[in-house]
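4 protein chains.
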Amino acid sequence: MSDKAINRIAVLTSGGDAPGMNAAIRSVVRASGHFGKHVYGIYRGYDGMIKGSIKRIERHEVGNIIHRGGTILKTARSYEFFTPEGRQRAYETLKAHNIDACIVIGGNGTYTAAMIFSEEFDIPMIGIPGTIDNDIFGTDFTIGFDTALNTAIDAVDKIRDTADSHNRVFFIEVMGRHTGHIALHTGIGSGATGILIPENNVSIEELVDQLRKGVKRGKLFSLVIVAEGNKNGGAAKIAESVAEHLPELESKVSIIGHLQRGGAPSCHDRVLASRLGASAVTALLDGKTNKSVGIINDEIVFTEFSDAISADKSPKKSLIEMTNILS
Amino acid sequence: MSDKAINRIAVLTSGGDAPGMNAAIRSVVRASGHFGKHVYGIYRGYDGMIKGSIKRIERHEVGNIIHRGGTILKTARSYEFFTPEGRQRAYETLKAHNIDACIVIGGNGTYTAAMIFSEEFDIPMIGIPGTIDNDIFGTDFTIGFDTALNTAIDAVDKIRDTADSHNRVFFIEVMGRHTGHIALHTGIGSGATGILIPENNVSIEELVDQLRKGVKRGKLFSLVIVAEGNKNGGAAKIAESVAEHLPELESKVSIIGHLQRGGAPSCHDRVLASRLGASAVTALLDGKTNKSVGIINDEIVFTEFSDAISADKSPKKSLIEMTNILS
Amino acid sequence: MSDKAINRIAVLTSGGDAPGMNAAIRSVVRASGHFGKHVYGIYRGYDGMIKGSIKRIERHEVGNIIHRGGTILKTARSYEFFTPEGRQRAYETLKAHNIDACIVIGGNGTYTAAMIFSEEFDIPMIGIPGTIDNDIFGTDFTIGFDTALNTAIDAVDKIRDTADSHNRVFFIEVMGRHTGHIALHTGIGSGATGILIPENNVSIEELVDQLRKGVKRGKLFSLVIVAEGNKNGGAAKIAESVAEHLPELESKVSIIGHLQRGGAPSCHDRVLASRLGASAVTALLDGKTNKSVGIINDEIVFTEFSDAISADKSPKKSLIEMTNILS
Amino acid sequence: MSDKAINRIAVLTSGGDAPGMNAAIRSVVRASGHFGKHVYGIYRGYDGMIKGSIKRIERHEVGNIIHRGGTILKTARSYEFFTPEGRQRAYETLKAHNIDACIVIGGNGTYTAAMIFSEEFDIPMIGIPGTIDNDIFGTDFTIGFDTALNTAIDAVDKIRDTADSHNRVFFIEVMGRHTGHIALHTGIGSGATGILIPENNVSIEELVDQLRKGVKRGKLFSLVIVAEGNKNGGAAKIAESVAEHLPELESKVSIIGHLQRGGAPSCHDRVLASRLGASAVTALLDGKTNKSVGIINDEIVFTEFSDAISADKSPKKSLIEMTNILS
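Residue numbers (my numbering), protein chains in the order written: chain A, 1 to 327; chain B, 1 to 327; chain C, 1 to 327; chain D, 1 to 327.
Hints were generated in silico from the structure; no laboratory data involved.
Please read these numbers as outputs of a predicted model, since none were measured by experiment.
None of the hints are false.
To give a feel for the contact side, a few chain D residues facing chain C, derived at Cβ under 7 angstroms:
(1) 17
(2) 69
(3) 70
(4) 75
(5) 155
(6) 159
(7) 164
(8) 165
(9) 254
(10) 257
(11) 258
(12) 259
(13) 261
(14) 262
(15) 263
Within a straight-line C-alpha distance of at most 20 angstroms, the following computed EDC-like cross-link-like pairs (lysine to aspartate or glutamate) qualify:
(16) A/313 with D/298
(17) A/288 with A/120
(18) D/51 with C/248
(19) C/216 with B/58
(20) D/213 with A/58
(21) C/316 with B/299
(22) C/216 with B/61
(23) C/51 with C/120
(24) D/252 with C/228
(25) A/51 with A/92
(26) A/219 with D/58
(27) A/316 with D/299
(28) C/317 with C/199
(29) D/316 with A/299
(30) B/213 with C/58
(31) D/213 with A/61
(32) D/216 with A/61
(33) C/313 with C/299
(34) D/316 with A/298
(35) D/313 with A/298
(36) C/213 with B/58
(37) C/237 with C/250
(38) C/316 with B/140
(39) D/216 with A/58
(40) A/213 with D/61
All residues carry an ideal CB built from backbone N, CA and C; glycine is no exception.
Turn these sequences into a full structure, and let the hints guide you.
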């Protein structure tokens, strides 16, 4: 595809929101403007693409959003887009607005939808990885991950004060249904005694053993960080299971929850989003399509949607192993 | 009691920890030193008083704690202290260390214990209201309340980002088993559509009505703040009840939890704690006993423990009513 | 003046911005709507009143601003408004838009302008005290003061880390050209060794003496908080003067600066702003004019503009004296 | 060198403090304990090595420091260590305490000292890059850089509120005497109109041009981020120079200053510090010496001190160029 074919670029955010999405939108708008292209915002993700919620975004409209959590384009999950009729309608919307290419910001679901769509229709699509879960292959970090870590660690720091004052064990649940990135980093960053993630298979018995060792060493309070998707259940269930073995421990449960998705993005996420947004635009103008843009080892790289979704993005083994040394 | 009788002052924190307790401890130590008195720290509240966990605190030991959450003296709930034998042992500990007077920092339970003890034994006691719940009579604010509000509001601000991005209703539960101070202020401060507290008796039907009105006015997302102790159950239960009436609303639940107890105290709480700590010391030296120190209308006041515990400290009616105008 | 005369209320922010101004604007809009009145926003303060920068604000437009620093109405200082011609033009703008009453949010300058204007023209005016300086009489707290304290204290906490690590003395300048409220509270809240404010007249010699005593007691690092308007000059000048007496001290200077004006308002400031905004509206509807609304001892009170500007609002003496005991 | 030779490892922090140093110290202590080695803390950097300020650190002593800014070992710059006599005394201290190896945490000065020392004496030395400046070669990030960015961006976000409210240009100075890493990332992350760093050579004329373009495009407020070491002088001087060309702009200056060094470390910095601390220990046990440990592309790498100090660690050109597209 030649450069001159692309004059109008649409951008949307889809799936769970992540801090930094606005910085990415801003970057798409600014970079497009720099190259003389127009940007159209699609509201509420693919649902808005189907329903025609789309309007031009001028550069001044993104003038004060780089620091804001959430997404000015709103986000949603669209079931209709996973039907051929839905996608057909979406295509017609794009055509009706003379959209030449799309940039989609989101996670796995967003990418899957974009992949299917771009196989069926001749609208070039570039994906920007925006999800707090960091579970997209083809980039060291997804937009929002770093901010979510800082939000989680800040919450754990506060809980630490009360755990310390009461000599308690706290079981703290952070987001991560399929991956343990958030829990692993939060666990290391908070000096947790135990970290339970889908990838490390720590059993209740092993956790009890770690807590016992801590008590023996004179540890007065302990933090256990669990990912939603670890095999032993949520934090409340784990606390109960542990209590059967260690009834003398005074324990409490805390579920950090949705606040992990919000807040002003960290500097890291803003810079990452800015780089990915601008690179998505130049990629489209260079004729790329059906690819996720990412940064690996500080270099911009492109990955097929299919690989971005399915290739392994597990935490480093050495990082998981290190937790045994430090706790 | 004459001033010269008091040379050694013990200080303890008890019950739930609250941000600013360390600032109060520091102030007690510094003010005592100013008047040439020695301070002894009792660890883990009344439990430590019984078990003799007590040691001298030098002024430099409190040199870098004013900004720290939690309590360097640790805290606990002591059941033994509510037995005559427990209190007798506690008294003997104090005598063994030549303690002339005690300052206790905590909430209702702490005060009740102090009241009973000071009726039985000739150790003057002054209480400093330290609890995030703001449910002690005889002071406009308890230490920790202001910080807990800022922690809660910061969490709600983050949830707001994701609520806004997804056009969702969030049911957010904050602390407050018997009083709605935290929920009321957090609700007003976050512009909540609904606020459910023990004191306002809002029913599910009324809440549904408020949410409906919001939708009618074009409100795209809503926040509902609930105190633990409101009559309709926790946030999860309320969300379910609302869903029966408004199944079309996309809703989520978040329980802020224990992080409300931690974190660096706000400036307000540090100044409050500093004033109350110093005033507790001068009160003891002035011969006061069995009283809670507080600040009302910017003046130091003293209240009998019995009144501090039992007199009405409900939120202002006008504040509750205002929420109908603003939401 | 009767209630029915007032149908259109204008609102503006003027002078230095303060966190919580947006919460006050929101409250004015919501309360006005509740009573069936329309609100018009005037942009850039009195300058916009002169130039006709005015437009209707709908209730949904203030739906997501309660947590935002700054002011959506922008602010400015207007020299033209202090001329009779300027005020005449301003009046004509209001008449042209059928404005029946005005609510002005700001500090001393804002109030002075409102007082002059309301003496010349028959537009009822109510002032809401919005300034980080807390120097308006007739209210315990001005909007923004509490947030500025937390911003300053958070900055000082960070500086404390590096002061502690290096065993240094830090001279930290906070805002306050005419009043020491911010410096006094920040100083108490950070456990400062010295606090220099316009109201306490501490000399360099006395400060040197305090620092010397600290060193003698083994204090390894010290913080000195100075208000811009203290009599000894800015933090840099004070640091130099101290160095002449104590050349062995390793010292650094930090000027917190304009960041004290920004940031998300604290819960306290949002609740305060919400109460004052709603009360300003009901005051206008009750026929009040030429008054500042405030909260004293948790009750809404009204003060003549002239008193609000000129009556003494110095920090409590006892608070200033306490710093000698605690440092 | 064989593993069994190393039984006692000393650790120190030197130069400017950086958030995450404590997390690194903790990791050194924990990893050493894991391998059955003892750790000795040296206080106040090389100065303490000379003067014998050294004592055993038990593992529980680092149990609650991972989240604290500053350094529990204190830090200082030692001129004496740059004399042969000073180093000889330092060596004797180490020998007197039977220290077998040293881990030094700091920046360029720290590394230079370690390099000289390890060339003269047979004490293996490993360096951990701890400096907010990110100017050490051989690691993608130095400990403290990420936190400093978030501190700076948070300050700029607050200033943004007031810049936006007043339609002002703010000239904001961040740390960086020799490198522009902090300013560049802060500038991109805050959407700055201009970024002046030692590496990009932007002149006043070019900056004026950028500001003019912004005004022409309707930009109402602008942020200019300058590194201390840019060629045009500090923020105040630049503001003056700009004012000569654009006298109509209302501008303000803010110097973020020392608060950039403090505060709780970000999750990223804690994880980085934990990994580097543990790797420094295993490196020593593996017989490595005179090397800096770093992480490049998520892998632990070792670099000669001489390279770590002198090899080019400038910001990526593409990152600098991108700022022209996005501002």
